[in-house]
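Based on these hints, arrange chain Z on the given structure of chain D.
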Amino acid sequence: MNSNLIENTLINLSFAILLFTLFVYWINIAFTNLKMLSNLGKICTLAVNLCLSSTLIIRWIENKYFPLSNLYESLIFLTWGLTLVHLILEQQNKSKLIGAINTPICLFIIAFTSFSLPSEMKKTVPLVPALRSNWLMMHVSIMMISYALLILGSLLSILFLIIYKVNLKNSNINQKRTNYRIQMSTSIANNSALYSDRMSILQIIDNLSYRIIGLGFPLLTIGIIAGAVWANDAWGSYWSWDPKETWALITWLIFAAYLHSRFSKSWAGEKPAILASIGFLVVWICYLGVNFLGKGLHSYGWLS
Amino acid sequence: MKYITNKNLKWYATKILSNLNLSIIILLIISTISIIGTIIEQDQNMNYYQLHYPIKSGIAEQINWKIIINLGLDHIYATWWFILLLVLFFCSLITCTLSRQLPGLKNARTWKFVPHTDKTRCLLYSDLFKIKSLANIICSLNLKYYYVFHKKNQIYAYKGLIGRIAPVFVHISIVLTLTGSMIGFFSGFTIQQMVPKGEIFHIQNTIKSGTQSSLPLNILGKIENFYIDYNSDNSIKQFYSSIVIIDFYGQNIKKETIFVNHPLKFHGITVYQTDWQINSLRIKIGQHSIQKKVNKTKLGNNSIWFTNIPISSIDQIFLIITNLKNTILIYNSNGELINTINTNETIQINKQLFTITEIMTSTGLQIKADPGLQFVYIGFFILMISATVSYLSYSQIWISGIFCIKQELKVTGTTNRAKLSFEEDLRYIIKTYNQFSIKAYNYLINIIHL
Numbered sequence: 001m002n003s004n005l006i007e008n009t010l011i012n013l014s015f016a017i018l019l020f021t022l023f024v025y026w027i028n029i030a031f032t033n034l035k036m037l038s039n040l041g042k043i044c045t046l047a048v049n050l051c052l053s054s055t056l057i058i059r060w061i062e063n064k065y066f067p068l069s070n071l072y073e074s075l076i077f078l079t080w081g082l083t084l085v086h087l088i089l090e091q092q093n094k095s096k097l098i099g100a101i102n103t104p105i106c107l108f109i110i111a112f113t114s115f116s117l118p119s120e121m122k123k124t125v126p127l128v129p130a131l132r133s134n135w136l137m138m139h140v141s142i143m144m145i146s147y148a149l150l151i152l153g154s155l156l157s158i159l160f161l162i163i164y165k166v167n168l169k170n171s172n173i174n175q176k177r178t179n180y181r182i183q184m185s186t187s188i189a190n191n192s193a194l195y196s197d198r199m200s201i202l203q204i205i206d207n208l209s210y211r212i213i214g215l216g217f218p219l220l221t222i223g224i225i226a227g228a229v230w231a232n233d234a235w236g237s238y239w240s241w242d243p244k245e246t247w248a249l250i251t252w253l254i255f256a257a258y259l260h261s262r263f264s265k266s267w268a269g270e271k272p273a274i275l276a277s278i279g280f281l282v283v284w285i286c287y288l289g290v291n292f293l294g295k296g297l298h299s300y301g302w303l304s
Numbered sequence: 001m002k003y004i005t006n007k008n009l010k011w012y013a014t015k016i017l018s019n020l021n022l023s024i025i026i027l028l029i030i031s032t033i034s035i036i037g038t039i040i041e042q043d044q045n046m047n048y049y050q051l052h053y054p055i056k057s058g059i060a061e062q063i064n065w066k067i068i069i070n071l072g073l074d075h076i077y078a079t080w081w082f083i084l085l086l087v088l089f090f091c092s093l094i095t096c097t098l099s100r101q102l103p104g105l106k107n108a109r110t111w112k113f114v115p116h117t118d119k120t121r122c123l124l125y126s127d128l129f130k131i132k133s134l135a136n137i138i139c140s141l142n143l144k145y146y147y148v149f150h151k152k153n154q155i156y157a158y159k160g161l162i163g164r165i166a167p168v169f170v171h172i173s174i175v176l177t178l179t180g181s182m183i184g185f186f187s188g189f190t191i192q193q194m195v196p197k198g199e200i201f202h203i204q205n206t207i208k209s210g211t212q213s214s215l216p217l218n219i220l221g222k223i224e225n226f227y228i229d230y231n232s233d234n235s236i237k238q239f240y241s242s243i244v245i246i247d248f249y250g251q252n253i254k255k256e257t258i259f260v261n262h263p264l265k266f267h268g269i270t271v272y273q274t275d276w277q278i279n280s281l282r283i284k285i286g287q288h289s290i291q292k293k294v295n296k297t298k299l300g301n302n303s304i305w306f307t308n309i310p311i312s313s314i315d316q317i318f319l320i321i322t323n324l325k326n327t328i329l330i331y332n333s334n335g336e337l338i339n340t341i342n343t344n345e346t347i348q349i350n351k352q353l354f355t356i357t358e359i360m361t362s363t364g365l366q367i368k369a370d371p372g373l374q375f376v377y378i379g380f381f382i383l384m385i386s387a388t389v390s391y392l393s394y395s396q397i398w399i400s401g402i403f404c405i406k407q408e409l410k411v412t413g414t415t416n417r418a419k420l421s422f423e424e425d426l427r428y429i430i431k432t433y434n435q436f437s438i439k440a441y442n443y444l445i446n447i448i449h450l
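Chains as they are written, first to last, in the working numbering: chain D, 1 to 304; chain Z, 1 to 450.
Everything labelled a hint here was simulated from the structure, so no lab data went into it.
Heads up, a few of these hints could be off.
To be verified - Straight-line Cα separation of at most 25 Å, SDA-like style, residue types lysine to any residue; simulated pairs:
1) Z/Lys265 x Z/Ile183
2) Z/Lys255 x D/Asn134
3) Z/Lys431 x D/Gln203
4) Z/Lys208 x D/Val229
5) Z/Lys325 x Z/Asn339
To be verified - Listed below are several chain Z residues computed to face chain D (Cβ distance under 7 Å; list not exhaustive):
6) Ile29
7) Ile258
8) Val260
Cβ atoms here follow ideal geometry from the backbone N, Cα and C, with glycine treated the same way.
Pulled out of the complex, with its shape left as it was, chain D reads as follows (with noise of 0.2 Å):
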């Protein structure tokens, strides 16, 4: 059978079961509570993440150089990054918010990825010269896989922006300002008498999207310190203001002043929320924002 329509019907089947996964955890979290539908989340991701990596591998196998080369093989990577950290921080966390807010993610890059993306943007092209290094492999797989974890992280810290918005109007409301949180505590936390005070849904939800950012971080780092080396092996600078370059170091700032607000007292409560909330703007941006400027070394030709 013809490799690329393997590679499409992956594509499609991997879109359909997110589709019903984004179904079981949206019921999961709103009306149940059922390990069955947990475990079928799981397995359900577990497949979609198993599509794409076949998906990525036919076309390894088919190209010979790793599959990062354009728009198309990287987002299907990123969703397969983000399909790989959901399953890594639920093993992990056990935490069903996760799935809940990933599975939407997900759906929509591959709906944006086998619908909008013109087929010559899909087809392979020979790497130019510049990316025929090993480097390709390792600065674009570890920028890919922290911008998946900032995704999911900032996003983490949306939600925690919501519910505190509403639960301050609703508070607002009943002049129950200060009760709230520990009416909150409380009902989480009867199910263990061993703790005085128990962590809120609030303070979890903030705690996981530190904690989410704080391991995207690190890569994004790494990332960047990869390309900025690999840069210096090829053009002959290893930092040279291309926007790419400059939109990747503002994520690295923004997460930066996000990751050390979160120890400065006047910045307590939801401002550092806020950061974050601006970081996956710029996370966004960064990754496909800077192919609009239509310049520098990093488009992926979106344009032109």
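The following block gives chain Z in isolation, referenced to the frame of chain D:
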């Protein structure tokens, strides 16, 4: 004003610079300026800005070329105020490391065994152990890889101290990287040269150099060969230049074939493959050899090179080169393809023997020296490791049996990052402690009954 002494001033400066909020704001300002730098095209000539940012009266068009030039927005990353901001950032990093992080580390050591009463720092607080057994709690702590210290009725346990040390190294490595790039800025140079194949070149034609840099004038280079590898669809796969480095006495020192991603490194200078061009054709017509310059033009996405040769007083032919691999196309003045020719192939045109003996090419080299590079790389290396290790959370647990009634233990714990998994940790420790206690209890009961 008599209160402001030298020491006071130093203290104030330290206090302001090491302020966390200031550093956050600096980070955000740097990123905002960087954003402006990506929106406004950098390093263009004056005409470009006059064309794209004309002076208009509207509110949205407040940014015109005069403002851009005056503020230096056309080379934003090299303006004095951006550099000043980086220097401020640099100072803030150093003072923060010296005045906050290092004393904080010292504190981490002295906190041992101090009963933690400050409630605001406590994450968890429990005094629900039913049986007091320090041996069991130590064992449970060990199972979660805590380092445990025991004194009388008190236990202090910690884990992930390295996660508290690593941020210091993150700061140090950034300082090192910035220092390295400054050294490179002041004492490095960059050169771009187009060297024809077979020619000898000096190191000259500087495009960027620091005030402290010096060009190595006693070194010569020779381009022995330049060639291109093509893919099957005629796109370029790789450029290759064979370079020989020759010393002052004409001795060959080093010979290497460079290509993109594989530069030549030699005594602190690096030679990169960056560009190429076709200069001219060496043609033999009849008995005469001539050299004819070619012009480059774009045809869609591809470059072609062309030249014209008069073959009689009124007629001329056009030679078109598409790449170094394919045959050269010959058109007449009516634009009709009349023949194709390979190099060193002889054909007859207008009753004259016609041979193209050589396509003369030049390779574009970039030659760079950066004495700060090793510092930057060491900085990078430390940064990668320390940023990763910083993910680890520093957790501390205090267990005290002093002020407890009956058989209870007081547990207090705190962590700086992973609150969620620290909670899990504590839960696990208490669970195992209870299991141990129950086992011990059952064991004792059995002994008594037997």
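How the hints compare with the structure:
no.	hint	result
1	Z/Lys265 x Z/Ile183	holds, 19 Å
2	Z/Lys255 x D/Asn134	holds, 24 Å
3	Z/Lys431 x D/Gln203	holds, 23 Å
4	Z/Lys208 x D/Val229	holds, 20 Å
5	Z/Lys325 x Z/Asn339	holds, 17 Å
6	Ile29	violated, 9 Å
7	Ile258	violated, 11 Å
8	Val260	holds, 4 Å
Checked against the numbered hints listed earlier, the structure breaks hints 6, 7; every other hint is satisfied.
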